[in-house]
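S.K.: Sequence:
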Amino acid sequence: MVEVLRTNDVVLLSFVSALLDEANIDALVFDTHASIMEGSIGVLPRRIMVADSDLYYARKVIDEAMEDHDVEN
Numbered sequence: 000m001v002e003v004l005r006t007n008d009v010v011l012l013s014f015v016s017a018l019l020d021e022a023n024i025d026a027l028v029f030d031t032h033a034s035i036m037e038g039s040i041g042v043l044p045r046r047i048m049v050a051d052s053d054l055y056y057a058r059k060v061i062d063e064a065m066e067d068h069d070v071e072n
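Using numbering that gives the first Met the number 0, the letters of the sequence shown map in sequence onto residues 0 to 72.
Keep in mind the hints are simulated off the structure, nothing from the lab. Careful: at least some of the hints might be erroneous.
Unchecked claim - With a cut-off of at most 20 angstroms between alpha-carbon atoms, the simulated DMTMM-like pairs for lysine to aspartate or glutamate come out as follows: (1) Lys59 with Glu2; (2) Lys59 with Asp30; (3) Lys59 with Glu21; (4) Lys59 with Asp20.
Stated by the list, open to error - Cβ-Cβ distance ranges computed for the label pairs, FRET-style: (5) Ala33 with Asp67: 15 to 25 angstroms; (6) Glu66 with His32: 13 to 23 angstroms; (7) His32 with Asp67: 28 to 38 angstroms; (8) Met65 with Val1: 15 to 25 angstroms; (9) Val28 with Tyr56: 15 to 25 angstroms.
Glycine is no exception: its CB is placed at the ideal position from the N, C-alpha and C atoms.
Take the sequences, apply the hints, and build the full model.
M.R.: Have a look at this one:
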């Protein structure tokens, strides 16, 4: 698995997770529990991970959506 996004922004995490799901790309959010344990003060960002074989397509989907919605990471 490889990382396609690292952020503390839960809205962005949700948005990207939904995008990947809609594109039929299996994705996992890593570090959710670690982030909660440290009090969600932003020390440990959460990561969205995809299979190596989905990396190019996942980045393409995310990049296009970010441009379309003027989202900054």
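S.K.: Do the alpha carbons of Lys59 and Asp30 lie within 20 angstroms of each other, as the hint requires?
M.R.: violated (24 angstroms)
S.K.: Determine whether the Cβ-Cβ distance between Val28 and Tyr56 falls within the hinted range of 15 to 25 angstroms.
M.R.: Because 18 angstroms falls inside the window, the suggested range holds.
S.K.: For a C-alpha distance cap of 20 angstroms, please report whether Lys59 and Glu2 respect it.
M.R.: holds (14 angstroms)
S.K.: With respect to the beta-carbon atoms only, verify the hint that Met65 and Val1 lie 15 to 25 angstroms apart.
M.R.: holds (18 angstroms)
S.K.: Does the Cβ-Cβ separation between Glu66 and His32 fall within 13 to 23 angstroms?
M.R.: violated (32 angstroms)
S.K.: Is it true that the CA of Lys59 sits at most 20 angstroms from the CA of Glu21?
M.R.: Measuring from Cα to Cα gives roughly 13 angstroms; hence the hint holds.
S.K.: Run the distance test for Lys59 versus Asp20: straight-line Cα separation, threshold 20 angstroms.
M.R.: Distance ~14 angstroms between Lys59 and Asp20 Cα, so the pair holds.
S.K.: Cβ-Cβ distance between His32 and Asp67: within 28 to 38 angstroms?
M.R.: holds (32 angstroms)
S.K.: Given a hinted range of 15 to 25 angstroms, is it respected by the beta-carbon distance of Ala33 and Asp67?
M.R.: violated (32 angstroms)
In the structure shown, a violation is registered for the earlier hints numbered 2, 5 and 6, in ascending order.
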